[in-house]
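Visitor: Sequence:
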Amino acid sequence: MTIRDVSLRSTWQDERNPLQRFQRFNASTRKVKFLQTLAQQFAGKPIDWEQLEEALIRADLGVPMTTRIIKTLQEREAWSLLGIGDVIKAVREEIAWILPADLTPICRANGKPTVILIVGVNGTGKTTSTAKLAHYLKQDGQNLLLAAADTFRAAAIEQLDIWAKRLGVEMIRGQYGADPAALCYEAYQAATKREIDFLLCDTAGRQHTKTNLMAELQKVKRTLAKLDPNAPHETLLVVDATTGSNALSQAREFHSTLGLTGLVVTKLDGSGKGGVVVAIQDELGIPTRFVGTGEQRDDFAPFDASEFMANML
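In the numbering used here, the protein residues as written are 1 to 313.
FYI, nobody ran anything at the bench for these hints, they're computed from the structure.
There may be inaccurate statements among the hints.
[What the hints assert, rightly or not] No more than 25 Å apart at the CA atoms, straight line, and that leaves these computed lysine-lysine pairs for BS3-like:
id : residue 1 : residue 2
1  : LYS193    : LYS219
2  : LYS267    : LYS138
3  : LYS71     : LYS89
4  : LYS89     : LYS45
5  : LYS226    : LYS267
6  : LYS193    : LYS221
7  : LYS165    : LYS138
8  : LYS193    : LYS165
9  : LYS138    : LYS193
10 : LYS71     : LYS45
11 : LYS221    : LYS210
From just these sequences and the hints, can you work out the full model?
Guide: This is the structure in structure tokens:
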């Protein structure tokens with residue numbers, strides 16, 4: 001597959017709007033203060049290693065990363081004299097090493113519609129995130145089509161239809177209970193005929209533990225691959241930052257089934273932790289592509305690792 005990076009950063013990374021760029025991402029991460037919480041907990045005290053381990057795990061950084069951080073600290077000379085400043089420095093260095101410094105939010109396939117499959121469990125804001133991504137792409141001048149492949153909830157079809165009309169974007173829809181794979185097949189054919197740049201397929205929310213429902217997503221992928229061996233070109237999992245370690249469990253199962261290419265993290269502005277972003281990247285190598293920052297269509301931004309880290313303390 002021939003892939004080229006495209007400038008899909010819209011006004012987000014437009015140097016003419018640096019203040020808007022900062023405000024939008026800063027709004028989403030202003031509460032991600034788990035290092036500040038650490039500093040307050042251990043200020044002026046010797047490090048209690050058991051309490052430190054518990055604090056890092058509660059921040060959703062994950063057991064592997066927590067173990068590495070503590071091991072790194074305890075291998076230092078005079079480790080028993082370390083203070084919280086040394087701990088915070090070690091955590092920041094570990095996170096900086098894990099998170100990609102520069103990540104293109106979306107790559108576009110040459111010559112054919114770029115297919116983005118959007119998946120997730122119920123209640124994460126998946127359909128709304130699909131609409132926000134559509135708005136983001138349209139603002140960048142991309143021609144796109146929505147596929148309402150969440151055919152098990154009539155309300156989901158109507159919700160996406162409302163968004164499509166609001167955004168001025170075309171949408172392919174089927175009957176309630178229709179085969180999602182067949183609908184995505186039809187949508188791809190329509191996208192090809194209309195010379196669409198991006199096809200966004202919103203799928204039904206499902207619990208990652210339900211093997212029959214996960215198998216249905218595999219069918220969608222196989223069906224799309226009949227039209228383009230490399231489709232879907234992006235498979236994005238929408239996760240809710242406030243669910244903490246459960247989001248990591250979701251990512252494991254969806255990645256095992258589908259091969260994820262990125263995350264859309266919602267409600268990061270409502271979480272005081274945010275470590276799940278780091279834990280998923282660390283364990284599975286799946287980068288966070290976008291973050292949801294609110295309910296409006298503009299409340300959506302590409303993930304910026306440096307600003308995420310700057311807001312942690």
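Visitor: Each of the hints needs a verdict: does it hold here or not?
Guide: Hints, one by one, checked against the model:
| no. | hint | result |
| --- | --- | --- |
| 1 | LYS193 with LYS219 | holds (23 Å) |
| 2 | LYS267 with LYS138 | holds (23 Å) |
| 3 | LYS71 with LYS89 | holds (14 Å) |
| 4 | LYS89 with LYS45 | holds (17 Å) |
| 5 | LYS226 with LYS267 | violated (36 Å) |
| 6 | LYS193 with LYS221 | holds (20 Å) |
| 7 | LYS165 with LYS138 | holds (13 Å) |
| 8 | LYS193 with LYS165 | holds (21 Å) |
| 9 | LYS138 with LYS193 | holds (19 Å) |
| 10 | LYS71 with LYS45 | holds (20 Å) |
| 11 | LYS221 with LYS210 | holds (17 Å) |
Consistency note: the structure conflicts with earlier hint 5 alone.
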